[in-house]
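Protein chains: 2
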Amino acid sequence: MTRVFNFSAGPAALPEPVLRQAAEEMLDWHGAGCGVMEMSHRGREFMSIIEQAEADLRELMAIPQNYRVLFLQGGATQQFAQIPMNLLGSGSADYLVTGTWSKKAFKEAQRLAGPLGGTVRLVGSTEAEGFTRALRADEFALDPQATYVHLCTNETIHGVEVGDDGLPPAVAPLVADMSSHILSRPTDVSRYGLIYAGAQKNIGPSGLIIVIVREDLLGRAHPLTPTVMDYKVMADNGSMLNTPPTYGIYVAGLVFRWLKAQGGLAAMEKRNIEKATLLYNFIDASGFYRNTVEVGSRSRMNIPFLLQDDALNEAFLAGANAAGLTQLKGHKSVGGMRASIYNAMPIEGVRALVDYMRDFAAQHG
Amino acid sequence: MTRVFNFSAGPAALPEPVLRQAAEEMLDWHGAGCGVMEMSHRGREFMSIIEQAEADLRELMAIPQNYRVLFLQGGATQQFAQIPMNLLGSGSADYLVTGTWSKKAFKEAQRLAGPLGGTVRLVGSTEAEGFTRALRADEFALDPQATYVHLCTNETIHGVEVGDDGLPPAVAPLVADMSSHILSRPTDVSRYGLIYAGAQKNIGPSGLIIVIVREDLLGRAHPLTPTVMDYKVMADNGSMLNTPPTYGIYVAGLVFRWLKAQGGLAAMEKRNIEKATLLYNFIDASGFYRNTVEVGSRSRMNIPFLLQDDALNEAFLAGANAAGLTQLKGHKSVGGMRASIYNAMPIEGVRALVDYMRDFAAQHG
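Top to bottom, those sequences are chains A and B.
Position 303, counted from 1, in the first sequence is what UniProt numbering calls 303; the numbers after and before it change by one each time, with no gaps.
Position 173, counted from 1, in the second sequence is what UniProt numbering calls 173; the numbers after and before it change by one each time, with no gaps.
These aren't lab readings, by the way, just hints derived from the structure by calculation.
There could be a bad hint or two in this list.
To be verified - Among chain B residues calculated to face chain A with C-beta under 8 Å, some are:
1) N6
2) A22
3) E38
4) L70
5) G74
6) G91
7) S206
8) G238
9) L241
10) A323
11) Q327
As the list claims (entries may be wrong) - Covered, in the sense of this in silico footprint (three residues per stretch, anywhere, with C-beta under 8 Å from a C-beta of chain B), are these stretches of chain A:
12) 286-292
13) 346-353
To be verified - Examples of chain B residues lying across from chain A (beta carbon under 10 Å, computed):
14) A13
15) M39
16) H222
17) T243
Quick reminder that beta carbons are idealized off the backbone N, C-alpha and C, glycines included.
Model the full structure from these sequences, guided by the hints.
Next up, the structure:
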């Protein structure tokens with residue numbers, strides 16, 4: 001078995017110790033005589049797994065007591081509908097658009113707003129500039145009556161990120177899609193009304209999404225909200241109105257423990273800065289590769305880059321694959337390459353990528 | 001490692017060879033250098049997995065060409081809403097209620113029908129009799145104009161099953177919750193408009209649901225349907241509008257191959273009849289245990305039974321656990337015990353259960 005350095009944007013590489021443990025426990029979890037996939041979700045074994053996962057996530061992110069943690073299904077795309085169904089009411093919500101994902105979220109909310117009896121506003125967008133930067137607070141005026149303000153704090157396709165220091169003013173509850181950078185850095189949860197993140201990038205397998213929601217936002221769902229999509233119902237039922245995605249929650253829990261063993265989110269941030277700096281510095285100095293995102297908006301997780309000549313793309317990818325550096329093809333809407341370097345990507349993987357890129361540029365530059 | 005005989009109603013026991021293969025491939029699938037959980041859902045490796053899974057399921061169930069197979073999230077509980085959102089329109093749907101699950105489906109549809117602009121009718125229920133039998137065709141009159149007729153063909157909690165021969169007349173598309181007996185017997189798919197089944201009983205891990213839908217039923221969704229819940233959108237996108245639950249689909253695919261290796265559904269039905277007959281015959285003859293379901297309605301998958309004296313329940317469960325027979329506690333709404341004996345339960349497990357039950361009765365009878 002040879003493991004590659006896997007730069008997939010998601011589903012993405014997971015820490016090897018997590019996968020080894022999952023494999024070892026596949027047929028028998030802690031002497032239960034069966035694997036996690038085969039356990040009743042209401043039995044004491046699985047209850048201990050989900051409770052530990054929540055406790056570890058709360059500790060890692062220092063989630064305040066007045067926030068609920070939900071383990072749900074359907075991915076961020078379902079949340080694009082679920083958020084207005086739960087929160088919009090007859091009010092108006094503001095959307096910031098800084099890439100493909102926040103644009104999709106806005107489009108879905110816009111489609112549903114009328115039938116829901118509310119309104120959504122696009123208050124700012126960087127689309128005209130090709131989604132190459134975050135929005136600055138002086139570029140838009142939020143509605144002080146907004147029911148919520150939606151943004152995506154890390155755009156997986158365009159490689160645009162904002163941390164807590166880049167957030168819009170807190171005139172209304174912030175609702176943030178953190179799918180592709182959750183757990184990559186400390187986050188002040190209290191600055192958000194709702195955080196959501198599909199698991200398949202920095203948490204675990206696809207099919208699980210984590211929602212962290214302030215309690216006062218529960219209980220406002222539109223009558224046409226499916227019961228299983230009502231945050232309050234799910235909060236009241238410990239994410240178990242129905243059978244949750246048990247195996248995904250188990251793997252997520254293993255990832256949370258791995259993160260704690262790595263030193264938590266401050267330690268992860270340090271490593272992630274180191275990894276991203278290494279790659280950005282190389283790209284910027286290369287004269288052969290380029291990243292077009294404004295420096296202050298660059299993502300530490302998803303780093304798109306272009307070659308000097310698009311005609312070299314196929315050769316670049318073929319050589320990378322041969323060198324055990326996989327999934328580097330950029331999203332078709334952006335072109336070029338993209339290196340996703342989530343928590344599970346070790347610095348050695350980024351070094352190997354830079355070495356390969358240097359050699360490739362030397363041969364083709 | 002000692003594997004128990006696990007009688008959980010779901011998530012439920014999976015075939016050991018499937019779990020062994022999943023464990024072996026956890027870090028490296030077929031030389032890809034990464035596991036299935038870490039693969040892009042749009043890469044050729046995962047595309048080959050989902051395509052093979054669909055092809056094998058189509059072969060196993062002989063699914064006609066005019067039916068689409070969808071791999072979705074959210075479980076049967078989400079389908080209880082998704083079905084009326086997609087199919088009800090301004091019309092009326094008929095619901096048959098024969099246990100907890102069809103009752104839940106009816107309640108959710110009833111709650112949503114008004115806001116959707118349609119109507120649902122409860123055309124027959126066995127609740128007054130404690131859900132101890134299926135409905136007979138002469139007990140209810142279906143609306144010939146119904147947009148669909150909903151039923152649950154195997155009630156997991158009450159242990160009531162109908163096969164194709166027990167279906168209501170085909171005056172409207174039949175929509176069937178087959179969560180707990182799909183793949184346990186041959187099914188004539190052409191008799192249904194839509195079949196749905198949560199994976200966590202006879203297919204694979206929780207977090208995946210399979211929908212098999214006739215093409216002419218696509219494209220009728222209410223405007224407030226989340227895009228990710230619109231069957232037509234999902235059919236048009238090969239179940240990949242967003243990231244599907246990739247690992248669950250992979251495990252489901254392994255189960256489908258295992259079923260083919262076992263001889264397919266006709267062979268499984270033969271074994272399931274043998275297993276169920278062994279247990280029911282023992283219960284009926286015991287004078288100590290009893291199953292209260294009408295003989296012609298008895299489920300081959302979920303067999304609830306009561307002891308002579310409820311005061312013995314705890315001792316029964318403790319002894320069973322000690323004998324490696326787990327998850328036998330009945331659902332709280334029914335009491336007593338329940339043995340779920342899905343495809344993955346070997347005849348040896350049922351024999352071991354009967355042996356234990358015989359000994360227990362001898363000691364306590």
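Tested hints:
Because the smallest distance between the Cβ of N6 (chain B) and any Cβ of chain A comes to about 5 Å, under 8 Å, the interface hint for this residue holds. Satisfaction of the interface hint for A22 (chain B) is found here, the shortest Cβ-Cβ separation to chain A being roughly 6 Å, below the 8 Å cut-off. Against a cut-off of 8 Å between C-beta atoms, the interface hint on E38 (chain B) holds, since the closest Cβ of chain A lies about 5 Å away. Interface restraint check: L70 (chain B) against chain A, minimum CB-CB distance 13 Å, threshold 8 Å, status violated.
A cut of 8 Å between beta carbons decides the hint on G74 (chain B): the least distance to chain A is about 5 Å, and the hint holds. Restraint check, G91 (chain B) versus chain A: the minimum CB separation of about 17 Å is more than 8 Å; hint violated. The criterion of a C-beta within 8 Å of any C-beta in chain A is met by S206 (chain B), whose closest approach is roughly 4 Å, and the hint holds. Among the interface hints, the one on G238 (chain B) is violated; its C-beta lies about 15 Å from the nearest C-beta in chain A, farther than the 8 Å criterion.
Here the hint on L241 (chain B) is kept, as its CB sits about 6 Å from the closest CB of chain A, short of 8 Å. Because the smallest distance between the Cβ of A323 (chain B) and any Cβ of chain A comes to about 11 Å, over 8 Å, the interface hint for this residue is violated. Nearest Cβ of chain A to the Cβ of Q327 (chain B): about 6 Å, under the 8 Å cut. The hint holds. Counting residues of the segment 286-292 of chain A whose beta-carbon sits less than 8 Å from any beta-carbon of chain B gives 0, not enough to reach three: the coverage restraint is violated.
For the segment 346-353 of chain A, the stated coverage by chain B is not satisfied: 0 residues place a CB nearer than 8 Å to a CB of that chain, which falls below the threshold of 3. Here the hint on A13 (chain B) is kept, as its CB sits about 5 Å from the closest CB of chain A, short of 10 Å. At its closest, the beta carbon of M39 (chain B) sits 6 Å from a beta carbon of chain A; the interface hint therefore holds under the 10 Å criterion. At about 8 Å, the closest approach between the beta carbon of H222 (chain B) and any beta carbon in chain A falls short of 10 Å, and the interface hint on this residue holds.
Look at T243 (chain B): its Cβ gets to within about 4 Å of chain A, closer than 10 Å, so that hint holds up.
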